[in-house]
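S.K.: So the protein sequences, as listed, match chains A and B.
Everything in the first sequence is counted per our numbering, starting at 1 for the first residue and increasing by one.
Everything in the second sequence is counted per our numbering, starting at 1 for the first residue and increasing by one.
Because the hints were derived from the structure by calculation, they are not lab data.
Hints should not be assumed to be uniformly reliable.
Dumping the calculated BS3-like pairs for lysine-lysine here, alpha-carbon to alpha-carbon at most 30 Å [claimed, not checked]: (1) B:139 with A:49; (2) B:362 with A:61; (3) A:61 with B:147; (4) B:245 with A:23; (5) B:103 with A:61; (6) B:139 with A:18; (7) B:245 with A:49; (8) B:146 with A:23; (9) B:139 with A:61; (10) B:120 with B:139; (11) A:61 with B:110.
Quantities reported herein were computed from a predicted structural model and do not represent experimental measurements.
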Amino acid sequence: MSYAINRVTVPVSVDEEKCIADKGCTVCVDVCPLDVLAIDLAKGTAYMKFDECWYCMPCEKDCPTGAVNVDIPYLLR
Amino acid sequence: MNTIEMEVDVLVIGGGTAGPMAAVKAKEKNPDLRVLVLEKANVKRSGAISMGMDGLNNAVIPGHATPEQYVKEITVANDGIVNQKTVLAYAQNSFDMIQELDKWGVKFEKDETGDYAVKKVHHIGTYVLPMPEGHNMKKVLYRQLKKRRVEVTNRLVATRLLLDSNGAIAGAMAVDCRTADFYIIRTKTVILATGAAGRLGLPTSGYLFGTYENPTNAGDGYSLAYHAGAELSGIECFQINPLIKDYNGPSCAYVTGPFGGYTANAKGDRFIECDYWSGQMMMEFYRELEGGNGPVFLKMNHLAEETIAQIEEILHSNERPSRGRFHAGRGLNYRDGMVEMHISEIGLCSGHSASGVWVNEKAETTVPGLYAAGDLACVPHNYMLGAFVYGKFAGESAAEYCATHTLPPVDAGQVERERARVWGPLNVTDGLPPSQVEYKLRRMVNDYLQPPKITRKMEIGLQRFAEVGEDLGRLSASNPHELMRAMEVHFIRDCAEMAATASLYRKESRWGLYHYRADFPEKNDEDWFVHVQLKKDDQGEMTCFTRPVDPYVIPLDEEEKTAYQKLRIVKESAIA
Ligand SMILES: Cc1cc2nc3c(=O)[nH]c(=O)nc-3n(C[C@H](O)[C@H](O)[C@H](O)COP(=O)(O)OP(=O)(O)OC[C@H]3O[C@@H](n4cnc5c(N)ncnc54)[C@H](O)[C@@H]3O)c2cc1C
Ligand code: SF4
Ligand code: SF4
Numbered sequence: 001m002s003y004a005i006n007r008v009t010v011p012v013s014v015d016e017e018k019c020i021a022d023k024g025c026t027v028c029v030d031v032c033p034l035d036v037l038a039i040d041l042a043k044g045t046a047y048m049k050f051d052e053c054w055y056c057m058p059c060e061k062d063c064p065t066g067a068v069n070v071d072i073p074y075l076l077r
Numbered sequence: 001m002n003t004i005e006m007e008v009d010v011l012v013i014g015g016g017t018a019g020p021m022a023a024v025k026a027k028e029k030n031p032d033l034r035v036l037v038l039e040k041a042n043v044k045r046s047g048a049i050s051m052g053m054d055g056l057n058n059a060v061i062p063g064h065a066t067p068e069q070y071v072k073e074i075t076v077a078n079d080g081i082v083n084q085k086t087v088l089a090y091a092q093n094s095f096d097m098i099q100e101l102d103k104w105g106v107k108f109e110k111d112e113t114g115d116y117a118v119k120k121v122h123h124i125g126t127y128v129l130p131m132p133e134g135h136n137m138k139k140v141l142y143r144q145l146k147k148r149r150v151e152v153t154n155r156l157v158a159t160r161l162l163l164d165s166n167g168a169i170a171g172a173m174a175v176d177c178r179t180a181d182f183y184i185i186r187t188k189t190v191i192l193a194t195g196a197a198g199r200l201g202l203p204t205s206g207y208l209f210g211t212y213e214n215p216t217n218a219g220d221g222y223s224l225a226y227h228a229g230a231e232l233s234g235i236e237c238f239q240i241n242p243l244i245k246d247y248n249g250p251s252c253a254y255v256t257g258p259f260g261g262y263t264a265n266a267k268g269d270r271f272i273e274c275d276y277w278s279g280q281m282m283m284e285f286y287r288e289l290e291g292g293n294g295p296v297f298l299k300m301n302h303l304a305e306e307t308i309a310q311i312e313e314i315l316h317s318n319e320r321p322s323r324g325r326f327h328a329g330r331g332l333n334y335r336d337g338m339v340e341m342h343i344s345e346i347g348l349c350s351g352h353s354a355s356g357v358w359v360n361e362k363a364e365t366t367v368p369g370l371y372a373a374g375d376l377a378c379v380p381h382n383y384m385l386g387a388f389v390y391g392k393f394a395g396e397s398a399a400e401y402c403a404t405h406t407l408p409p410v411d412a413g414q415v416e417r418e419r420a421r422v423w424g425p426l427n428v429t430d431g432l433p434p435s436q437v438e439y440k441l442r443r444m445v446n447d448y449l450q451p452p453k454i455t456r457k458m459e460i461g462l463q464r465f466a467e468v469g470e471d472l473g474r475l476s477a478s479n480p481h482e483l484m485r486a487m488e489v490h491f492i493r494d495c496a497e498m499a500a501t502a503s504l505y506r507k508e509s510r511w512g513l514y515h516y517r518a519d520f521p522e523k524n525d526e527d528w529f530v531h532v533q534l535k536k537d538d539q540g541e542m543t544c545f546t547r548p549v550d551p552y553v554i555p556l557d558e559e560e561k562t563a564y565q566k567l568r569i570v571k572e573s574a575i576a
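If we strip away everything but chain A, and leave its shape as in the complex, we get:
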């Protein structure tokens, strides 16, 4: 079987200037009920890894630096 990679926009964005994952923060990754956020170790910032979001907002609410922004997924907008 062969696979294709489909590009999709994701609803959650992280402000790389504000994110302090390089200092060890993982709050947004920890609280997400769907486990769809991750830390990009090379960049030292959080990002949305899977497009499986309930737009519920604990990630944004609990981020200590206000780096996370939750938008409504494009299909619903």
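Following the hints, position chain B with the ligands against chain A.
M.R.: Below, chain B with the ligands without anything else, positioned relative to chain A:
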């Protein structure tokens, strides 16, 4: 990938709403018990109440309502098919639970005199208690878990229960969604609190995770209970909710109703007497949606500025706070437009309707050592407070069971089979991605199970679900996260098969839209005033049978029985 073994007395699966309460109450009953909450997400922010709640939908508060009144209301709202003892047990414990939560720090709305400010939303009685500052629910529960020294493991997905040679609980198995480590947990008791089957139907947006329910809840507990041989009940009584179109969250009539907002048709006219969610209400909603006066809207634009500002403050900061962003994106302001509404995808949830694992008034299932509480336990219209109350019952019952039972041995065969099933998708390199299989499965659920239910369509549906069953062995996972999604596809497929099987079995229509069968359009009390039960029989086949409805402990007169049949406003006129 490792295999990790653990041993406890009480294993709570699901740390959302009912789960933490169950764990705390088991510990309160006996602090020496080893109590573990096993959670798929993280207990700090998991479950339906992750961001708080808009209010209690079923508060039975002295001076405003009595347990007897409440039992009557739910009996008629659920078209007569209730085990009243379970509803009564909830109602009698409702107020104590509110007071306990209040003491723990949950904020409920009170009037100037300090009395709870209960509002009328139901057809007959008064039970809705707003929580405009209800964001802190999870914090409050977490504090109690710490205080009682309950053990917690996050990011573990329970996949199957273990049984001893007598069919009683011996343990559970789980997989870590970050490492794929396999867990064998020996235990005397299991409390299932995994919430609704929220990822059954596909939302109209087509977005797999744009469900009404928290999509973490894929129906895991329904499947776990089924494979353990437990009886399930009322599976054909689907959950279908009136929601904001596309956003798929509550809009929410319970919040706005007491302020003067209401459900209206395209002309801005009311068409239902009462906004309380029931199958009968959903039927009227569906008719209006599909009729010439459709679609349906939530109307608030006739309200005063201060009132609208107050509603906005609640709806945009609590429960589903992204509501505000959705409206902003569409340029909708409550002041000048109405909110377009639609019906949700189908789901299984006793928190809202009545589909769940059969329990008695002590939260005991039909499997020894297995308890259930919350959305997946069959206590009709139980909502959040019902999850707390049945969580308490389950915790206390499990603690009692532990006192008289020893830890059963674990059967190596069951463990081997499950480990092979769970790790299977990691070894399939040339297979099907879980998301593709899930999309197809849930699209079929919409095509064949969404009411109006039609016999031949549901039979075809069953055939399609069986074909997807054949595909399960070809699921492939490229990482532990995908492995979790692959296991969820198994759960969803089980729920789809149960939904079709139970719906085909009940050959009548009942609960308004929830079980509207186009080829059996009438309610038939003579043959079908019974519970429909579903379980896995000794041959491993899915089977249905009936259970009589126990004689009512709170009798109803004829007038009361028909209250929910008269929800449509006969002469339509705009009443502001
Ligand atoms: C959007 C929305 C609004 C609502 N509004 C109201 C309201 O205003 N008033 C009201 O009274 N009720 C309301 N309800 C209903 C109420 O929230 C629920 O009835 C109640 O919270 C259900 O509790 P629960 O414990 O059964 O499920 P949940 O709180 O959802 O908990 C289930 C837990 O199980 C975990 N889990 C699932 N599968 C597994 C697995 N395989 N292994 C381990 N863990 C697992 C999940 O991560 C989750 O933490 C609302 C529900 C929703 C979805
Ligand atoms: S909005 Fe919810 S589901 Fe989406 S990334 Fe944030 S916490 Fe996760
Ligand atoms: S919570 Fe905020 S600061 Fe912490 S990792 Fe996430 S985005 Fe970065």
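S.K.: A separate judgement is required for each hint: does it hold in the structure or not?
M.R.: Going down the list of hints, with the structure as the test:
no. : hint             : in the structure
1   : B:139 with A:49  : 27 Å, holds
2   : B:362 with A:61  : 37 Å, violated
3   : A:61 with B:147  : 25 Å, holds
4   : B:245 with A:23  : 41 Å, violated
5   : B:103 with A:61  : 25 Å, holds
6   : B:139 with A:18  : 26 Å, holds
7   : B:245 with A:49  : 27 Å, holds
8   : B:146 with A:23  : 27 Å, holds
9   : B:139 with A:61  : 13 Å, holds
10  : B:120 with B:139 : 29 Å, holds
11  : A:61 with B:110  : 27 Å, holds
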